[in-house]
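A.B. asks: For reference, the chains in residue letters:
There are 4 protein chains.
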Amino acid sequence: METIGHLIGGQLSYQASRTQDVFNPATGAVAKQVAIAPKATVEEAIAAAQAAYPAWRNTPPIKRARVMFKYKELLEQHADKITAMIGAEHGKICHDAAGELQRGIENVEYACGAPELLKGEFSKNVGPSIDSWSEFQPLGVVAGITPFNFPAMVPLWMFPMAIVCGNTFVLKPSERDPSTALFIAELLHEAGLPAGVMNVVNGDKEAVDTLLTSKDVKAVSFVGSTPIAEYIYSTASANGKRCQALGGAKNHAIVMPDADMDNTVNQLLGAAFGSSGERCMALSVAVAVGQEAGDTLVAKMQEAMAPLKVGECSDKTNDFGPVITQEHKDKVVGFIDSAEAQGATVVVDGRNPVIAGYENGFFVGATLIDNVSKEMDSYQQEIFGPVLQVVRVDTMEQAMQLINDHEYGNGTCIFTRDGEAARYFSDHIEVGMVGINVPLPVPVAYHSFGGWKRSLFGDLHAYGPDAVRFYTKRKTITQRWPSAGVREGKSFAFPS
Amino acid sequence: METIGHLIGGQLSYQASRTQDVFNPATGAVAKQVAIAPKATVEEAIAAAQAAYPAWRNTPPIKRARVMFKYKELLEQHADKITAMIGAEHGKICHDAAGELQRGIENVEYACGAPELLKGEFSKNVGPSIDSWSEFQPLGVVAGITPFNFPAMVPLWMFPMAIVCGNTFVLKPSERDPSTALFIAELLHEAGLPAGVMNVVNGDKEAVDTLLTSKDVKAVSFVGSTPIAEYIYSTASANGKRCQALGGAKNHAIVMPDADMDNTVNQLLGAAFGSSGERCMALSVAVAVGQEAGDTLVAKMQEAMAPLKVGECSDKTNDFGPVITQEHKDKVVGFIDSAEAQGATVVVDGRNPVIAGYENGFFVGATLIDNVSKEMDSYQQEIFGPVLQVVRVDTMEQAMQLINDHEYGNGTCIFTRDGEAARYFSDHIEVGMVGINVPLPVPVAYHSFGGWKRSLFGDLHAYGPDAVRFYTKRKTITQRWPSAGVREGKSFAFPS
Amino acid sequence: METIGHLIGGQLSYQASRTQDVFNPATGAVAKQVAIAPKATVEEAIAAAQAAYPAWRNTPPIKRARVMFKYKELLEQHADKITAMIGAEHGKICHDAAGELQRGIENVEYACGAPELLKGEFSKNVGPSIDSWSEFQPLGVVAGITPFNFPAMVPLWMFPMAIVCGNTFVLKPSERDPSTALFIAELLHEAGLPAGVMNVVNGDKEAVDTLLTSKDVKAVSFVGSTPIAEYIYSTASANGKRCQALGGAKNHAIVMPDADMDNTVNQLLGAAFGSSGERCMALSVAVAVGQEAGDTLVAKMQEAMAPLKVGECSDKTNDFGPVITQEHKDKVVGFIDSAEAQGATVVVDGRNPVIAGYENGFFVGATLIDNVSKEMDSYQQEIFGPVLQVVRVDTMEQAMQLINDHEYGNGTCIFTRDGEAARYFSDHIEVGMVGINVPLPVPVAYHSFGGWKRSLFGDLHAYGPDAVRFYTKRKTITQRWPSAGVREGKSFAFPS
Amino acid sequence: METIGHLIGGQLSYQASRTQDVFNPATGAVAKQVAIAPKATVEEAIAAAQAAYPAWRNTPPIKRARVMFKYKELLEQHADKITAMIGAEHGKICHDAAGELQRGIENVEYACGAPELLKGEFSKNVGPSIDSWSEFQPLGVVAGITPFNFPAMVPLWMFPMAIVCGNTFVLKPSERDPSTALFIAELLHEAGLPAGVMNVVNGDKEAVDTLLTSKDVKAVSFVGSTPIAEYIYSTASANGKRCQALGGAKNHAIVMPDADMDNTVNQLLGAAFGSSGERCMALSVAVAVGQEAGDTLVAKMQEAMAPLKVGECSDKTNDFGPVITQEHKDKVVGFIDSAEAQGATVVVDGRNPVIAGYENGFFVGATLIDNVSKEMDSYQQEIFGPVLQVVRVDTMEQAMQLINDHEYGNGTCIFTRDGEAARYFSDHIEVGMVGINVPLPVPVAYHSFGGWKRSLFGDLHAYGPDAVRFYTKRKTITQRWPSAGVREGKSFAFPS
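Residue numbers (numbering that gives the first Met the number 0), protein chains in the order written: chain E, 0 to 495; chain R, 0 to 495; chain A, 0 to 495; chain W, 0 to 495.
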């Protein structure tokens, strides 16, 4: 059975304190093993990154960018291989995996603009014949810790920009689907990246803590659940590192009475059930304003959900795949159970899907729950499964209050045709990423990704312009040349 | 005896758990009392700020900026009063206090540009007929905690920008010289600021901890010593706030053999002894490269220091004043003693200055110490007094290594005529603010202030462009209008 | 009778080849004379500006900006005097003149941000140890030629930004209402501007041509009618100057069936009749989509226009004042006549207003014309009077085609509640300034003003960010220091 | 014999009013024919571009950018073919042609950043609930007219950025070496560009005038000689187009007494003789400050020039190739003759090089002329050949005056080690592109290229950030939503 190892200083390594099973979630079978790095291996990766840093830092930004130009080509050439890798370990359908990869590549494209993005500000004559300017210099070694749900995209949010800014990198991907990150890291060398600039270690909490406490790691980017994000942020901060830690979400869509309802339903289908709802931007709550909008929405959703197909990743006719583990399946089903028990109406029930030939897979079918209320466990917590809950309210103000009261503030959306409603919503909602008739308002790669409230810890958002700022530190130089030596023909003897 | 109180919701308040002496450092006498706020008073200030927030947030940026335009006028009108206030409690000479105030006003001037500074980025067609843009929205209530050494300037680094970005503010100034902050805060109301937007509380650790743990305080800016900065940063971070905490410094100047030596000496005088060296940007170590440069530097410094006058703040012929307290004087003298004991040469000795009529003042004279080495206590720690130490090295690389090895990385400078030396230095030195023949490379208000290493905790620097980013949070909106209703003449009936 | 002169090198001058009458348009009487500068006087002004240039260019931007901070204070202090001046010569009502002045002051406020706005871009390591940066240096002497309709605002669009960028300025204001420009130019000196940096000459075509052909004038900003704008642009261009020349307009509002009709009517009143329609952004054509919208609009407009009062400037109860001259009154009335003759319906007729006590004033009352069509003279040309014409169409596409077919493309607006209609309109309309429910979409001072098609000749718009670019030229410096002389301790003897 | 045709609407076309010889300048033989387009053919190209415009304009910027990503790959894949094409018609040595292509590709790389570069500015709350933002929309059809000396690079300065901004393009390359432009234009289609977005026409003045006067061409970019640039600029401007026209140059290097002389000589060799001096940034005048610097410079240059080899393009050991035509060779030789006749000293004489096997080629050898003075014809005019002239002066001020007095202001350089001299020079020299120890200070692709004085007509420089601004027009939208219809549950019936 194949074992997934580490990439350190340009070489594969298989050092392990232990190994851990990697499942195929569609079959439920163990497919591979992943090497769990001991502390020394993580330190070795950090040391490799530190050793590669001085030369990489001094490489002109345009040359660093050209590695990314080539890297984009290579990712596109290997797209089928990568999407198959994602499918085999994560379970998402190939077209969805292709979408994930494409979103990741967009961050590589943005990183190609490094020479533009790294420009500092130059001020002539801040005083008489005194000039001042800023430079954005790299930090050194930076680390990324990434989740299972986007094994290609989330790493690609981080390392292309970190690297193109002149840093070197240590990535700890999710140990549940580790192959993809390792493969795309190796491709960087084919693109011309010097050995040691990019390193990957697989591991568990020991690896994480080694990264968080190493004096040579200058910054940490994290994406995962809120409790872990909070731990990462406070630990990294207390260890003198800069940190951005992205956590959980509960993304609501307000459905207004004037919404184009067919479009709304069509949008919600993908946003709620795509990738089995295992997305931090998954649209998991629809808040219908008014009795009629709610009734129409539920009726049309029920109808639209009927043909949805859940199944194995390589079959393109499937709409979404299994969830990541049996434990997670149990948790999702438990939330549906609890909603039912607490008085909600399960309109479409995906608790017991039958997938011929994949009876042991971790499948949950698309589920629609109506009459959900604020107090229910399924409302308060992140389900991370293919479950759309409908909450009924009378007014838009009530809908907005619901959202603003939730502990998370990642994404949200309003469906309406009305300019005023859209503007009022986007202005006053306490959420970092807002959609107007866009249910998954993930910012494009040239903007930045980040939630508010307990969905993100840190000052700066992920990728885009904020990433440039996160992965560099400002240096300000003030310069005056005091005497007109050679210009006025004076001879200054050097001490001999 | 006058008691200095608080400013809460536009009203002066004198609630106190106790009062504390405020000295006139030139006479050594207790001049005033300051009210130390109990927890409840700090919470009242936070509540006042929270109450003022919604209306202030919705005030257009140009109207917020106009308060700052008017505020600049008022600060200039009251400059003499403010500089006298600073002198009476801090001790710095009036021309130095005027310089401090001017530097503070420059931040008000920068804040007047809020409409320009708050612009977000707009992207047309991120997809077909989909647009996306970013907004920089205020955070809510933010707090500033400021040190004794710049009682006007450091608060002015913070609250003008925080307020103009739409936040409301609670300032806790140093309890050693609290009058100035209170006075300039009151002036804001004369400039048209609504009550509650700006609040001041005097207090001690209880006040600080109340600010750091309040759920309604969204961000904290701090300037002070490194141990406190580290405490502030980790506590604020662990409480879910964004934080920037600026700490101590040890600022070196490299004196190259080709430097214009008369200019160098002239620059060092002000940079080392101005404001009694109680500046986080004070130039406290000169690193002379080569025997001849060192000998010349020490000889010329000794000569130039002879006429320096230390004394009371209102006498413009004085060059600098007392240090802030008797304890601090003892500490500074102790560092000189230790350097001498550890083998350095005290070339000019300021330990026992005689200031006629001010025999009980906290005065230390300008002191020059040669042959200082890396191991000495006086080298490793921040003295914060009018003491310039000279270290001798053979090469520029040695000089740079010395600087890069120090725990602090606030400011530094090189004196040279050589373009290559200057560029190499500014590129490779691990310090946030770099001067080329500029011994106090404090960035102008339209750049940002921040050290590296243990001189600053946080991602973003103080004032300037970084302050805009620190005092706002990014929201990204993605918008699509799905159907051409009214444009194509379709009639959509609203639910009735 | 008072004669209005010139301001040259800080001194008033009354050199004149002839003088010309300045009228009070409310009474129709000649109120003052204006000196018409001969060529030599204009050359003297250019020479004064040229002489002042080197010192002003080298003045740090922050010091130049501080003149503008003070200037803003002074303009506000003298606001009543300035609005009275505008009223006496232009005729607009005092509240309207106050609005004009305020809009002008906003450009002074923006100019205060010069240190931020003039920042160049700094690129470290464009090659190994090679840096490159841009600087935006002033041009030298620049000229402004401004129209009668905004005697304060349009000059304030130009000279504050030109001056704060380091240029010196020669202004030729309209000879019909020349007092205001002269007065506000003099105020600059009180604000601390050195003599010669700002100069004003009154004159006619000879003055204009002298400016356009002088080798020392580096740029020309013009606002006026399209034929003159075209002449100015081609002449200045052929003489090697940069030029921006803003011309005429025909600003349409589309009124959609879903518009909030009461708000629409309320907005149109001010946009069509304010300042007698003598604004390049006046809303002079309403395009109603659908029979019902058109009928409702005309009926409500007719009703809303009934209480409108035309009269003398100092009476605040008046809504608007006279037009600028008798000739212009005749022209406006002629357009109404022609529309009527060509088949349009004059719904509200302002051709013969009776203004008690001002029987000789140049008054035209608010006029509403329905059923206007594309072929009519009154549609094709700019009326520049208090006349709103209504065109009826069946679809939004027809309305947009009408606008896109017109030779002008200055401003336009749509009234709707529908997000999709607004977005489609703003994307596809061939007009430079677009309002969504904003009938006078004049960009705020921190954006830029400019029409498309034959409404503007030149690459860059007026005021705001574009003005910074217009009034400066880019210099790009690339720097490498080839040998590590002093750093490596090498001794380089200078030739002696 | 091969005939070079046009590319119109994605198809090759050979319409011709006549054909013209294309020479191989190394052999002097006619190698190909080029079709000279009649007016109708040019109009056809404009029409094809106009037809392709609406769809291309509406293509999202990221999709337009992806064509450029692919295009970069293709240009790199075909690099050998392209450099051979350049060599065959222009004569430059293959390594020099490769450098040209690389510089061109850098502009493609920059164009890949279109989504970032096209961002507009978004202002929330310019008034209460009113927002305003800017968009940079494409112009329509734009034209480029390019010179013989960089048959790949100068077209690549223009069309990638114009196209990525959403415009469609008509290129008229030099008819002396037309193959390269046609080939690289064809490659665009392989990269995915829709037919008609890019078009190429070969032609003469008739073609140029057709482009300059067509109402459908919205902007013209030109690079060539100053008299033609001036004609292009004034004609295009008078025809209502935006235009940037880059003309001639006379680029001086000041050699200071403290310069690293070996480095200086080494730099000057390539800068003066590379590409036979047929570059608008060629360094053609060295101004030596002081007798000793001048003597050393001339002696070392003479020595360094001895091994220079002139010859055929495919031989990599050659340093440079022939000039473009026999007429041009005669002109260059004539300038050397005239300098000699007017009193200068021809130190190294390249007038009669013997190139075995290429006796009829248009070769001129590297030439060094000392003691040149301001009055000589060879100093006043652009030679555009492999000729370096040395002027002797006593002071840096004299050297700078010489440069500032010249009609051209394209590029310049100073060789010095002294920071003050470099800063004074770069600040006060009236030249657009300045080098500090960089003899060819061509800005990198992410800065912009442009001279001052009579070296450039227009407001905006070529390529880089200025190109984005040149190839787009600003639209400013101001938006308010007047009534809270659907949000407050009001029912608005549409007219039926």
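Calculated directly from the structure, the hints in this document are not laboratory data.
Only a predicted model underlies this, so the values are computations on that prediction, with no experimental measurement involved.
Where is the CB? At the ideal position from N, CA and C, for every residue including glycine.
Careful, some of the hints might be misleading.
To be verified - Partial pick of chain E residues on the chain A-facing surface, computed with a CB cut under 7 Å:
| # | residue |
| --- | --- |
| 1 | Lys118 |
| 2 | Asn124 |
| 3 | Asp329 |
| 4 | Arg416 |
| 5 | Asp417 |
| 6 | Gly418 |
| 7 | Ala421 |
Unchecked claim - In silico PhoX-like links for lysine-lysine, alpha-carbon gap of 25 Å or less:
| # | chain 1 | residue 1 | chain 2 | residue 2 |
| --- | --- | --- | --- | --- |
| 8 | R | Lys373 | R | Lys299 |
| 9 | A | Lys217 | A | Lys31 |
| 10 | W | Lys373 | A | Lys214 |
| 11 | A | Lys373 | W | Lys214 |
| 12 | E | Lys373 | E | Lys315 |
| 13 | E | Lys62 | W | Lys214 |
| 14 | E | Lys217 | R | Lys452 |
| 15 | E | Lys373 | R | Lys214 |
| 16 | W | Lys217 | W | Lys62 |
| 17 | W | Lys38 | W | Lys217 |
| 18 | R | Lys204 | R | Lys217 |
| 19 | R | Lys330 | R | Lys373 |
| 20 | R | Lys217 | R | Lys62 |
| 21 | R | Lys315 | R | Lys80 |
| 22 | W | Lys204 | A | Lys217 |
| 23 | E | Lys452 | R | Lys308 |
| 24 | E | Lys217 | E | Lys204 |
| 25 | R | Lys373 | E | Lys214 |
| 26 | R | Lys214 | R | Lys38 |
| 27 | A | Lys80 | R | Lys62 |
| 28 | E | Lys214 | R | Lys214 |
| 29 | W | Lys80 | W | Lys315 |
| 30 | A | Lys62 | R | Lys80 |
| 31 | W | Lys217 | E | Lys80 |
| 32 | R | Lys80 | R | Lys373 |
| 33 | W | Lys31 | W | Lys204 |
| 34 | W | Lys214 | A | Lys452 |
| 35 | W | Lys315 | A | Lys452 |
| 36 | E | Lys31 | E | Lys204 |
A.B. asks: Hint numbers the structure violates, sorted upward?
C.D. replies: As far as the earlier hints go, 3, 9, 12, 13, 22, 23, 28, 31, 32 and 35 are violated by this structure, in ascending order.
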